[in-house]
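There are 2 protein chains.
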Amino acid sequence: MYDLLKGLRVVEGSAFVAAPTCGLYLAQMGAEVIRFDNIGGGPDFRRWPLSAGGDSLYWEGLNKGKKSVAIDLASPGGRELAQRLAASPGEDGGLFVTNFPVDGFLSYEALRKLREDLICVRVMGWADGSQGMDYTINSALGLPLMTGPVDDDRPVNHVLAAWDLLTGAYCAFALVSALMARMKGKGGREIRAPLSDIGAATMANLGFTAETLLSGHQRPRMGNDIYGAFGRDLTTRDGQKLMLLAITPKQWSKALEALGIAAAVNEVEAELGVSFAADEGLRFTHRQRLYPLFERAFALRDAAELTPAFDAGGVTWGAYQTLEAALEDPRLFKDNPLFQDIRHPSGLSYPAPGAMATIPQDIRGAVRPAPRLGQHTDEVLAEVLHLSSGEIARLHDAKIVAGPEGR
Amino acid sequence: MYDLLKGLRVVEGSAFVAAPTCGLYLAQMGAEVIRFDNIGGGPDFRRWPLSAGGDSLYWEGLNKGKKSVAIDLASPGGRELAQRLAASPGEDGGLFVTNFPVDGFLSYEALRKLREDLICVRVMGWADGSQGMDYTINSALGLPLMTGPVDDDRPVNHVLAAWDLLTGAYCAFALVSALMARMKGKGGREIRAPLSDIGAATMANLGFTAETLLSGHQRPRMGNDIYGAFGRDLTTRDGQKLMLLAITPKQWSKALEALGIAAAVNEVEAELGVSFAADEGLRFTHRQRLYPLFERAFALRDAAELTPAFDAGGVTWGAYQTLEAALEDPRLFKDNPLFQDIRHPSGLSYPAPGAMATIPQDIRGAVRPAPRLGQHTDEVLAEVLHLSSGEIARLHDAKIVAGPEGR
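Residue numbers (our numbering), protein chains in the order written: chain A, 1 to 407; chain B, 408 to 814.
Where hints are given, some of them may not hold.
Claimed, not checked - Derived DSS-like pairs (lysine-lysine); straight-line CA-CA distance at most 27 Å:
no.: 1; chain 1: A; residue 1: Lys250; chain 2: B; residue 2: Lys806
no.: 2; chain 1: A; residue 1: Lys6; chain 2: B; residue 2: Lys591
no.: 3; chain 1: A; residue 1: Lys254; chain 2: A; residue 2: Lys241
no.: 4; chain 1: A; residue 1: Lys399; chain 2: B; residue 2: Lys657
no.: 5; chain 1: B; residue 1: Lys593; chain 2: A; residue 2: Lys184
no.: 6; chain 1: B; residue 1: Lys648; chain 2: B; residue 2: Lys661
no.: 7; chain 1: B; residue 1: Lys413; chain 2: A; residue 2: Lys186
no.: 8; chain 1: A; residue 1: Lys184; chain 2: A; residue 2: Lys6
no.: 9; chain 1: B; residue 1: Lys593; chain 2: A; residue 2: Lys6
no.: 10; chain 1: B; residue 1: Lys593; chain 2: A; residue 2: Lys186
no.: 11; chain 1: B; residue 1: Lys648; chain 2: B; residue 2: Lys741
no.: 12; chain 1: B; residue 1: Lys591; chain 2: A; residue 2: Lys184
no.: 13; chain 1: A; residue 1: Lys113; chain 2: A; residue 2: Lys184
no.: 14; chain 1: B; residue 1: Lys413; chain 2: B; residue 2: Lys591
no.: 15; chain 1: B; residue 1: Lys591; chain 2: B; residue 2: Lys520
no.: 16; chain 1: B; residue 1: Lys657; chain 2: A; residue 2: Lys6
no.: 17; chain 1: A; residue 1: Lys241; chain 2: A; residue 2: Lys113
no.: 18; chain 1: B; residue 1: Lys591; chain 2: B; residue 2: Lys661
no.: 19; chain 1: A; residue 1: Lys250; chain 2: A; residue 2: Lys6
no.: 20; chain 1: B; residue 1: Lys413; chain 2: A; residue 2: Lys184
no.: 21; chain 1: B; residue 1: Lys648; chain 2: B; residue 2: Lys413
no.: 22; chain 1: A; residue 1: Lys186; chain 2: B; residue 2: Lys661
no.: 23; chain 1: A; residue 1: Lys113; chain 2: A; residue 2: Lys186
Honestly, the hints are just simulated from the structure, not real lab data.
For reference, chain A alone in the conformation it holds in the complex (with noise of 0.2 Å):
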């Protein structure tokens, strides 16, 4: 962890991937982040995928650096707990995400009466309210039907759960730029994040949007071909897949140069009477003309020897590889400094990622596991709400709270 936030100090009242992926920025560059949760587990405590044991892998992916607190959150005495938490005192403190319902009991109306200049950032389903989930945003905003094999018209989902990550970077960034803007003497405020917002704006700001207002029609799918440059899967003499792409001249040139099919291209180009290298929308035009070039130069070739020349050439490429395969790769995972052998709370040792972002001048420091469910509970009772040891035993006693194990 890095500790440009150092002396923050967020609640998080979440589940799933968005609000917790917002913590886990926030806790890794320094944050103190704590996490509530119902006993026994919120609604994510046990998504796949599962440890032989049952453990979590997922939840204790997400929830690495931060502190625990278990309280009864169907009871009034746990949920104005959870009220005072997430209003959490001290200058750099009253910060909340949450992706809890907009009208219940950490609404934002209140929260505020608890703390005037409270920021919490919430992450929603759709912007009215109702159920919205990645899967189901990502449905409704066309791009399964774009993607895909072009010989197949069933809609393809993503893996990659893409809606809710990029939320989750967002509301780190809205939570710290409502800070600053506190700081600045402007007091505090609710932000809203939507997915359904995020999905639709992120789809204007690359231009699908206005293309299909102005066009009347969307993107056709088109496989693996990359809209309106050069790019696709291409297959190496021993079957291996690369994907290849050349947006601008020099990826373009450098592509062709690799190949040895610069001429070849050239005859293509005297023929249409066209510059590829100038235009990169003219590779994708008469693409159906280039591929054959670059299918045979493939073909010619075996991945071994294609990729080194690839690498020294310069060449944009990527390898279709496994994840089993992922994790060998040095730059990825095996020798990437980002990792970290940790214990987990599952027990488990394995390598974790702290920041995603690194600080060449700054210390990387360790990578902090996933608290134990109500790990921290006493811990912050105590020293945010500033309870007596008397006033915890007796929420323990009555089931209000628990500590880790659900005691």
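With chain A fixed as given, assemble chain B onto it according to the hints.
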């Protein structure tokens, strides 16, 4: 736009998606964002989709609300100007977002000589500085081999540049976090955000890597089935595909109720001796037993009958709709207050979004269009670098800078 970041001056030397979205998010929260490009445009200036007139809808989507400066970045004089802009003066200046090479004329070392407390956020491909773009990083991470129909083994690329988008939002978060540290006396720093590290860390955060390390194999391709719970696409009597999912017990019971299949599911539970409500993973393990019940229930009803029942019953579902249809969807685009109909540099008017989040208590200001290339060259040179009109004229004469339309 909102004004949380009002007063910040961010300079962006960038292209494509990641760094420009970082600047976009900052601009839409109130920062002054100055993007510099080569005279005539950077490598993304003609990126598809294009308007009928040849303007990039992509470029004008990703650069909304920014100022534009056009500089000859191949000339020594132009490079010096770019460096001085990157290290812009002022308490809330010295904030630079870029995807220029780590060791080029915009290296941190070069810029730091101009401003000791510079904050530089640098998007990279691979962490070692080699060429990598969203599609080639994605292929290396294993996801395209996990995506798509089970009866097909071809890799399937994502259509949404998810790694670029996540990186852009994370960079916005990192920049504001670094500024907060600088405000607290911790000086400036470079933050490097390689797509390869963002990808590797995310695969770990979500549990993908631990699962593969511990089980020895990666998650198999499973079409549109949601991993570890219940969810997939289902087809109504009239042939419409809907995404239905149930991760929580509540989502599960509501889906069964709305479809009228609770009793049939009970029978399967009795036969197998399991409770699907209590354990989402069992719904996944036994999904081939459950799917026929859902398929039959869907086949009995048209979408027009089913979807209002789903909404009334609080079911988590989404239509697979085209982007054309999505544009008519009031919740996504048609009546979405994020969007305003504005005139863009292409000369075209169409709806475009402001900030992706909503702050109910603040006024959502006007959505600002992208600049024309070079539109703010003179203004920025005068106001940020304090050049005289004579100096600016000489830069134009020497073709080191250009205004709109390259003049």
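Hint check results:
no.: 1; hint: A:Lys250 with B:Lys806; result: holds, 23 Å
no.: 2; hint: A:Lys6 with B:Lys591; result: holds, 10 Å
no.: 3; hint: A:Lys254 with A:Lys241; result: holds, 19 Å
no.: 4; hint: A:Lys399 with B:Lys657; result: holds, 23 Å
no.: 5; hint: B:Lys593 with A:Lys184; result: holds, 19 Å
no.: 6; hint: B:Lys648 with B:Lys661; result: holds, 19 Å
no.: 7; hint: B:Lys413 with A:Lys186; result: holds, 11 Å
no.: 8; hint: A:Lys184 with A:Lys6; result: holds, 19 Å
no.: 9; hint: B:Lys593 with A:Lys6; result: holds, 11 Å
no.: 10; hint: B:Lys593 with A:Lys186; result: holds, 24 Å
no.: 11; hint: B:Lys648 with B:Lys741; result: holds, 22 Å
no.: 12; hint: B:Lys591 with A:Lys184; result: holds, 13 Å
no.: 13; hint: A:Lys113 with A:Lys184; result: holds, 22 Å
no.: 14; hint: B:Lys413 with B:Lys591; result: holds, 19 Å
no.: 15; hint: B:Lys591 with B:Lys520; result: holds, 22 Å
no.: 16; hint: B:Lys657 with A:Lys6; result: violated, 38 Å
no.: 17; hint: A:Lys241 with A:Lys113; result: violated, 59 Å
no.: 18; hint: B:Lys591 with B:Lys661; result: violated, 50 Å
no.: 19; hint: A:Lys250 with A:Lys6; result: violated, 43 Å
no.: 20; hint: B:Lys413 with A:Lys184; result: holds, 10 Å
no.: 21; hint: B:Lys648 with B:Lys413; result: violated, 45 Å
no.: 22; hint: A:Lys186 with B:Lys661; result: violated, 43 Å
no.: 23; hint: A:Lys113 with A:Lys186; result: holds, 18 Å
Hint compliance for this structure: hints 16, 17, 18, 19, 21, 22 are broken, all remaining hints hold.
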